[in-house]
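Protein chains in written order, with my numbering: chain A, 663 to 1186; chain C, 250 to 562.
None of these hints come from the bench; they were simulated from the model. Misleading hints may appear alongside valid ones.
To be verified - Pairs of lysine to aspartate or glutamate, DMTMM-like flavour, derived with a Cα cap of 20 Å:
| # | chain 1 | residue 1 | chain 2 | residue 2 |
| --- | --- | --- | --- | --- |
| 1 | A | Lys1013 | C | Asp521 |
| 2 | A | Lys863 | C | Asp282 |
| 3 | A | Lys863 | C | Glu298 |
| 4 | A | Lys1013 | A | Asp1069 |
| 5 | A | Lys863 | C | Glu425 |
| 6 | A | Lys774 | A | Asp793 |
| 7 | C | Lys308 | A | Asp783 |
| 8 | A | Lys1034 | C | Glu298 |
| 9 | A | Lys863 | C | Asp521 |
| 10 | C | Lys308 | A | Asp1069 |
| 11 | A | Lys1034 | C | Glu338 |
| 12 | A | Lys1100 | C | Glu298 |
Below, each chain spelled out in residue letters.
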Amino acid sequence: MRVIVVFVLLSLSACSSENESIKPRDGNSQIVVALRNDVRGFEPGISRDVFTDDLFLHIYEGLVTYDEKGGVIPLLAESVNISENGLTYEFTLREKVVFHNDKPLNSEVVKKHYERILDPDGTWLCRSWYDGSRGLEIIELEAPDDKTFVMTLNTPDASFLDKLANVQCGGYIVHPDSFDQDGNFIEPIGTGPYALSQWQKGEFVSLEAFTQYRSSGAQKDGLGGAKRALVDKIKWQIIPDISSSIAGLLSGQIDMAGRLDATSLYDVINETNLEVHKQQSFDWNTLLFQTKDPLLSDLALRQAIASALDINSIAQSVSGGISKQNPSVVSTQSRYYSDCHTAGYTFDKSKAKQFLQQSRYVGQAISLITNKRYNHMYDNALLIHFMLTQAGFNVELEVVEWSTQVDLYLTGNFQLMVFGYSGRTDPLLAYEAILGDKSQHPYYQWENDKARGLLNQSMREISAEQRKETFCEVHKLMIQDIPLINLHNQYIIDVTTPSLIDYAPYTLQTPRFWGVKKEEGRRQ
Amino acid sequence: MFNYILKRVFLAIPTLLIASLIVFIMVRILPGDPAALMLGDMQDARSLEQMRAQLGLDKPIVMQYLIWLSDMLSFEFGNSIITGQSVSELIFDRFFVTFQLVMVAVGIAIIIAIPSGLYAALKHNTFTDHSIMMLSIFLLSIPSFWIALMLVLVFGVELRWLPTIGYVALSDNVQEAIRYLILPVVSLALVVIGQFTRMMRSTSIDILNTEFVLNARAKGLSEIQILKRHIFKNAFAPTLTIIGMVIGSLLGGAAVIETLFTLPGIGRLMVDSLYSRDYPVIQASTLLMGGVFVLVNLLVDLLYPFFDPRVKL
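Pulled out of the complex, with its shape left as it was, chain C reads as follows (with noise of 0.2 Å):
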């Protein structure tokens, strides 16, 4: 297994630095100066050109990247040209943020989601697993943001239950902590519970249908055997991988629901550094993104063998 994960990683090096790349000059193709966008509309000739050297941005292009990826191999992720602050320290705080609202939503989302997936497999075609489809399929199709503001009308401007913005950090005040992320990560978690269930059920369902199920039931195994035994370890390995490729969009994705609840996270970050051209804190969070999605994918691939022992890395 040692040799896998060295392997993993070893290709994960050339999937970076490409993406590394292709951002980079993404990046610098999409119009709009950061340094213009500094100066806003006080800015002149001499400014411009004063603030784009200040920036670095007066070198040529394969200068500028040769610097940037000389940096990133030695881990100096540079400061942002908006702020000056540190981006290994920007990004880092609001990865934290994001990381914690995605692992909790997706949490609920696998505890509610499975369970219901299953059930809705082993009622097939009955009134259950039908009211579990319209259900999953109704979260599905609405977006995030939509139930981000009913939750906000209803819990926070109606009932006043809830903060509806704000963010408190686990190590100031854990209670209150908990009450601002509440609304967030039921938002989060309401779309992909729709997501894993359907996903769970369809696996289940071809499960169930398999000779090694009709076998177990023929040498009379009680059904929470089968469904323990064959068929969740069986179903669960697919929805492991959805599991994993959502947990890696979300960590970059949460855009909508960060911004509508103020909340720190990367994906804010990502936007907001877009929209004003930082470009040391898109391309490292971007960078980051991707690394995260190769260690995600990897641990997703660690993990399969636990649920499906044909598989051998």
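Excised from the complex, chain A in its bound form (with noise of 0.2 Å):
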């Protein structure tokens, strides 16, 4: 069997031969971070937030994960060789990497390890993306020597190494101690280059360097390549508040608060003593329309509707400047996005009357349904609803709980809902959430068989190029449909103080901490 390489690390001399232990900390250095959530436990992939994903990061590595763009790169493999027929990936594993208890990475822990997370009775979050119940199938684990670990799929997915690299997922590897004789789980022992050191529950989670860590690269790339732990410790506090963490900020008592709103940013912009850090991540905000609803299964005023929105004005008013429109699914900081993912709805005010004169629409009342738990969903509903009253909808806007609108959302009950999809870095998985049968699954927004076919099509397409051009097709197949009006990415908001040296947001939204260091003599 001929084999494709697809994956090496270029620079290996960098990895395995430093001592990361030498880098420079003085013992007890530490960096306050403000989290606005207590975890929600250390088992990844069972029960995940955003800010559960953070910590993850930090503590647990895959095999493959994320660059700087979102491409994947690997990580705890040194590299990945996929079989011509693109059903087998060999992985072959770094050398000398360590886990959190002294032992070390072989390819029978990370055989075990993808056992338990298959195993059909676990409850691992992401398993039906392997179970074949969605298609594809992990059909065997192998571990043929100590370095070498392979997967055999029942069909190709050019998508396979994002899923394994996917951050909700948190399909790390944990090594089998972090677990009972009863497989309950224990304690977090993974290879990351900070690991767990106190979790004092509701107040804070504290993480201390991990001495033994190697990189796998010499420079820092999104979640891979050079990750030194240059401080002693990462203290995440736990401040639900915005205006809180803000005050902890310019009181000195933190040095980092990450995810801020547009709102916010007017309140730090003026402080010298703060850095603020703006960048558009994968995740995206969009208009949702129940297609099965009787008013709005009308083609003509989804039309109208799309018509009435000055799409960028909204991105350029919620994001503070940061965001700009984007009418697709596909990341503008995506490798797939191409000018295709630019053609969208335009804002027309002659047209919306146009189309609402061909729709059935006589003045019903239409309901809008977001949440101010997210200030981002509520600011987006606002301008949509001031902008279909002016072209004389009857819109009503019904601001919920949060956990209501996801209810709401499960079900399918809503009429117009401003929404937010957590960032997929392939567009295959961003259209897999939206794109299904909506009377077998409520809480998909899409119903078309072709563009499903071609989104098939785009599983065994290896080439990146011939990929790209398959989201193009099934991008302006959703444009015609107008299932949903894809809004703007969402925007990163971070503010550090200026003691903490190298920070850099990512686009995937998750603040990193390995390579910045903390010099006190800056502060204020």
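Since each chain sits alone in its own frame, please combine them into the complex, following the hints.
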């Protein structure tokens, strides 16, 4: 069998010979970070939210991960070989990698890990990606030698490595010693640059530098590459209130607060002793239509709504000028993003009127659901409500609690809803979140057999260029059908004190504290 | 008195049972599925089904209530469905933080408000009375979160004298624990001071106009003796009822202050668990709050005869 080598680490010499423990740390350096919620536990892929994901990325690592632009690169693997038929993935593991319990990484550990998370009785939240229920199935796991781990699939899937790297799934390699004999999780043992030191529930989580950590590259690159722990501890202080976080930054009690909204930006923008980091992410904001609704099943009405919205103004206003309109589920940051994805809906009042006349709409009330937990969703909804009202629609804004909104989303019990999806780096995964049979799963937004066929085709396509074209075709179909209106990619606003050196936001929103140091003298 | 206590405890049982049923039903009526919230937008039908089964949410609602009730009766509060932590441990730790905060705040408020209210009553309709009343009304009118934010701004951000976020347990470091508690305690105490002062003043004025105070004055008792023996005791009894109610409500209702100062208290826990539909935590903490209210009221009733001998238990 001919084997195609797709990934090899470029800087092997830099990665393995370096002893990370000699990097500058004075024994008591500490970064204090604001964490909005307490973590949900330390077992990856069971109960998650974005804040829990942030900590996992410092403790655990997977075979592959994302680079600076969201492409897949090896992490615990040194290289990944994919067979010509796209069914066999052979991972060569990196040398001298050890877990937090000082035990070495080897293929048996990796195999055991995958056997555990793929166990049909287990509770790993992304198992359905691999058990055949969505088509793809991992049919065999092998560990032919200490350094080689092989996965065999039932069908080729171009997004397979992307799935393995997915942050939300938490498919990181967890050492078997993390579990007791009954399989209950007891402690987090990963290979990341930081290890759990203390979890004071409801108060803080403290991580300490893992002195035996070995980077997979010489340069910091997304969630891979050089991941040097340059401070001894990272304390994630739980601060639910954003204004308290800002007060903490101003008083010097904390060093970084992330995921702030644009409103908070105005509070800190003139504070010269704070540094504001902005970027666009893969997460995307959208206006959902319930196409099963008697009123909104009317394409002309959806076209009228789309033409009545000045989406670029919405994007600019809501994000404080950081985000721009993106009609596609493919992020502007993605390597699959191209000119074809800019095709969307244009703000045109006269066209909106024309479509409205063609539609069955005669002034019935249309409800628009949003929440106040996520300010950007609420702000999007306010502007949409205003623009639609101006265009002659009778829209009623309904602000509900987030849990209620999730329930309405899952049951499909809404007419219009402002919603947000967490970023998927591979467009296939992004489309899979919205495309499907509504009668079986009401949380799907779009039903289109042709698009489904194209996505199935994209699973088998290895060439990135070919896939790019396929995703363009899917995008065109989505714009025609208008099952939803994508507004803009979510913005990132992270604020740090000047004492934090070399901090940079990341397009997947998660803050990274490897390669970041603290200089007390530089504080204000 | 023992019989009275026993009777009150027995009376509390149906109250708490009814409360448990109401809480259970109310929580389930709320839209929002904890399993879906746990999975986020990564969910699919199968994972949802599996998660619901794992959390016991696939059983009929009556069955769920009976299981929960029988667990409660054996003091088995279960685990948080979001974090998997033991609910009893979680609630006990959090309750202690709030208890500490509330008792210190109410203690300080009593020390300041009772003499102020008495003094204002004695100086009824004078400049002193008006000043004390104006200050009390001002403290009562402004929300505690605004006071808290101002204190944070002045003492935390500008002067940097006191920490604005975090919590240190008394068992870890007494001095630091006090430093971290100053701002939240002051924020809470200021509002309560206004409430207590007004109550103490108005009841004292009523007592001052009674015949037995007039009689005491006619007998030639000094003002201090009249104040101690007659006015304070009689005026404090109704204030005690208010103190009891304030303690009861603050033990479950200090969530805003806890959130602003990032204190890991029971109020914040209840709000967080409500947002995440963490049923076992919401149910157990609400029931605990119900129990605490009953207990505080019982204590107030037991203390009442010490101040007002006319009351017999």
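Quick check: which numbered hints come out false for this structure? 1, 2, 3, 4, 8, 11
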